[in-house]
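K.L.:
The primary structure of each chain is shown beneath.
There are 2 protein chains.
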Amino acid sequence: MNEFELIARLAGAAPTNASTIVGPGDDCAVIDLQAPDQYLLFKTDATVEGVHFTDAATPEEIGHKALGRCLSDVAAMAGTPTHALVTLGLPEGFDVGFVEKIYHGMSALALRYQVAIVGGETTLNPGQMFISVAVLGTVPKGKCVLRSGAKVGDAIFVTGELGGSLAGKHLNFEPRLKEAQWLAANYSIHAMIDVSDGLAGDLRHILKSSGVGAELLSSAIPISRAARLGKQRDRSAKPPLESALTDGEDFELLFTAASHEAVSLLDAWKKQFPDLPLGCIGRITAESGLRIRDKKGAQPLAADGYVHFQKS
Amino acid sequence: MNEFELIARLAGAAPTNASTIVGPGDDCAVIDLQAPDQYLLFKTDATVEGVHFTDAATPEEIGHKALGRCLSDVAAMAGTPTHALVTLGLPEGFDVGFVEKIYHGMSALALRYQVAIVGGETTLNPGQMFISVAVLGTVPKGKCVLRSGAKVGDAIFVTGELGGSLAGKHLNFEPRLKEAQWLAANYSIHAMIDVSDGLAGDLRHILKSSGVGAELLSSAIPISRAARLGKQRDRSAKPPLESALTDGEDFELLFTAASHEAVSLLDAWKKQFPDLPLGCIGRITAESGLRIRDKKGAQPLAADGYVHFQKS
Numbered sequence: 001m002n003e004f005e006l007i008a009r010l011a012g013a014a015p016t017n018a019s020t021i022v023g024p025g026d027d028c029a030v031i032d033l034q035a036p037d038q039y040l041l042f043k044t045d046a047t048v049e050g051v052h053f054t055d056a057a058t059p060e061e062i063g064h065k066a067l068g069r070c071l072s073d074v075a076a077m078a079g080t081p082t083h084a085l086v087t088l089g090l091p092e093g094f095d096v097g098f099v100e101k102i103y104h105g106m107s108a109l110a111l112r113y114q115v116a117i118v119g120g121e122t123t124l125n126p127g128q129m130f131i132s133v134a135v136l137g138t139v140p141k142g143k144c145v146l147r148s149g150a151k152v153g154d155a156i157f158v159t160g161e162l163g164g165s166l167a168g169k170h171l172n173f174e175p176r177l178k179e180a181q182w183l184a185a186n187y188s189i190h191a192m193i194d195v196s197d198g199l200a201g202d203l204r205h206i207l208k209s210s211g212v213g214a215e216l217l218s219s220a221i222p223i224s225r226a227a228r229l230g231k232q233r234d235r236s237a238k239p240p241l242e243s244a245l246t247d248g249e250d251f252e253l254l255f256t257a258a259s260h261e262a263v264s265l266l267d268a269w270k271k272q273f274p275d276l277p278l279g280c281i282g283r284i285t286a287e288s289g290l291r292i293r294d295k296k297g298a299q300p301l302a303a304d305g306y307v308h309f310q311k312s
Numbered sequence: 001m002n003e004f005e006l007i008a009r010l011a012g013a014a015p016t017n018a019s020t021i022v023g024p025g026d027d028c029a030v031i032d033l034q035a036p037d038q039y040l041l042f043k044t045d046a047t048v049e050g051v052h053f054t055d056a057a058t059p060e061e062i063g064h065k066a067l068g069r070c071l072s073d074v075a076a077m078a079g080t081p082t083h084a085l086v087t088l089g090l091p092e093g094f095d096v097g098f099v100e101k102i103y104h105g106m107s108a109l110a111l112r113y114q115v116a117i118v119g120g121e122t123t124l125n126p127g128q129m130f131i132s133v134a135v136l137g138t139v140p141k142g143k144c145v146l147r148s149g150a151k152v153g154d155a156i157f158v159t160g161e162l163g164g165s166l167a168g169k170h171l172n173f174e175p176r177l178k179e180a181q182w183l184a185a186n187y188s189i190h191a192m193i194d195v196s197d198g199l200a201g202d203l204r205h206i207l208k209s210s211g212v213g214a215e216l217l218s219s220a221i222p223i224s225r226a227a228r229l230g231k232q233r234d235r236s237a238k239p240p241l242e243s244a245l246t247d248g249e250d251f252e253l254l255f256t257a258a259s260h261e262a263v264s265l266l267d268a269w270k271k272q273f274p275d276l277p278l279g280c281i282g283r284i285t286a287e288s289g290l291r292i293r294d295k296k297g298a299q300p301l302a303a304d305g306y307v308h309f310q311k312s
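Top to bottom, those sequences are chains F and E.
Number 149 in my numbering belongs to position 149 of the first sequence; there are no gaps in the numbering.
Number 64 in my numbering belongs to position 64 of the second sequence; there are no gaps in the numbering.
FYI, nobody ran anything at the bench for these hints, they're computed from the structure.
Keep in mind it's a predicted model, so treat the numbers as computed, not measured.
Do not take every clue at face value.
[As the list claims (entries may be wrong)] One side only, chain E facing chain F, incomplete, derived with CB under 10 Å: (1) His-104; (2) Ala-134; (3) His-205.
[Claimed, not checked] Taking lysine to aspartate or glutamate pairs in the DMTMM-like style, the calculated list, with each CA pair at most 20 Å apart, reads: (4) E:Lys-141 <-> F:Asp-37; (5) F:Lys-101 <-> E:Glu-5; (6) F:Lys-143 <-> F:Glu-121; (7) E:Lys-101 <-> F:Glu-5; (8) E:Lys-208 <-> E:Asp-234; (9) F:Lys-141 <-> E:Asp-37; (10) F:Lys-141 <-> E:Asp-32; (11) E:Lys-141 <-> F:Glu-5.
Beta carbons: idealized from backbone N, C-alpha and C, even for Gly.
The following block holds chain F by itself, in its conformation from the complex (with noise of 0.2 Å):
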């Protein structure tokens, strides 16, 4: 356990209280205050320089991705983002048209969902820029997709394609918010997440909150372009598909539902979202612990996302 998993720990002992009905430990904390049909779902994410960006980024990139993030996790339980404060915390002698920049890539993304931002705070942070993101949202109370329903039997799919996000798509990717509500308004989505730590982390995430073990298909694994340039440019580069396994940051939902409903699932998803892809990739299993399976058998994946196959 590291200094940030201590930490984490001593967040899920604070105090809760009855309105409380998901704390910390899945995408966004889920409140009930009295909303008839809908409970409230609130989350923050930190955007640091140097940690989540680096000079190679536009303003408007990062004010993309400092809300972005948010509206991500959002999406991870087939809510509606409603609101966002934003907290800057900037060095001394900062660039203002720099700052305007970062609000005209945030507002953008705001806009584009309905969501206000209705206030936050300007600061001092020596050294580097600090932007923290306070998103609220609403979710139907029979909607909202936990970490925590995968069941034994279940098809694991994901959105998009995986890995090599560092390329640019950290920067610009597209919160799946209508997608996420598409699919907990038609499906029984029993688990969902978004694809922040890389795939076989943030399935971990699911297998633990779920109880449950999982095997993935290697062939099935969509793997990005920018994954397979990356090895084709540097051969020292990750295997593609350890890109796409371990890479994080690539903003893509990653869900579960009962196997007998992937077929009429993937058929209607391709109508609805004909220009985004979805993949089953692997199932369920009341066998603990992560596995991925090629022609050669299923290996175990290591936590560092290496997969160790036998050389043909």
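Please build the complex by placing chain E on the supplied structure of chain F, with the hints as guidance.
P.N.:
Okay, now just chain E, sitting in the frame of chain F:
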């Protein structure tokens, strides 16, 4: 207009939507999300090492202040805080035990007001600790008190004693939640704010939002013992009255109500909160600007709070 004011203007021009009752510019955002009788309150505050606290603060005090600042903002709307998210930006090699004590300070305060800490995030922030707390709360629809409701002729009230909070109170203040709720439940409070920028600065926020002016009575300003002691110990320190008008971070309530209610309110307050002074310190005027009156007459109060009284 300095850089930070420019940023505030950018935030003020951000996207809004139909469920936003009050956006940027009050102590909290006010949101209507379908709960029949209540609005939601939504607020973030950042607490930064070297800006809002120094080495002299204990970790418990840092945690108390980080959450307490948000709770004080909820109090300023006469609301009830319900849920919080905690974002910690920590330098590399931080002390886990120190951070644990920050959580203890926050949790002790949260428990006292039944606030659930429902998650958050820990991330790297080289250089110094950066704590951003987001708080959600509720307020009965008819009882939410804004900055904008002050009326000509209103009496101006302030709780507690002001000035010199850097000597300690800024780290261990009690958010005036039950006092504000009692005020809104029993009286028609026209405008309210918590004293964070200093009495003069925060009263100016009320005046600007309400389109009115004010006259303070010099002898009625409640000056704290810390402000008086500060001047006794250091002759170059601000005069105690100036300290009370401008120091800030008192986290007391500053509010206005119809002057014909003043006597009844002061009487009832003394019975309800015998240990916390409430002072009537001036009145709202049609003439714009902020003036302060002593036995020699009324003088404009300078932007920096300096009181230009003639020498006697």
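K.L.:
It remains to establish, for every hint, whether it holds in the given structure.
P.N.:
Status of the hints after comparison with the structure:
no., hint, result
1, His-104, "holds (9 Å)"
2, Ala-134, "holds (4 Å)"
3, His-205, "violated (14 Å)"
4, E:Lys-141 <-> F:Asp-37, "holds (19 Å)"
5, F:Lys-101 <-> E:Glu-5, "holds (16 Å)"
6, F:Lys-143 <-> F:Glu-121, "violated (33 Å)"
7, E:Lys-101 <-> F:Glu-5, "holds (16 Å)"
8, E:Lys-208 <-> E:Asp-234, "violated (35 Å)"
9, F:Lys-141 <-> E:Asp-37, "holds (19 Å)"
10, F:Lys-141 <-> E:Asp-32, "holds (18 Å)"
11, E:Lys-141 <-> F:Glu-5, "violated (41 Å)"
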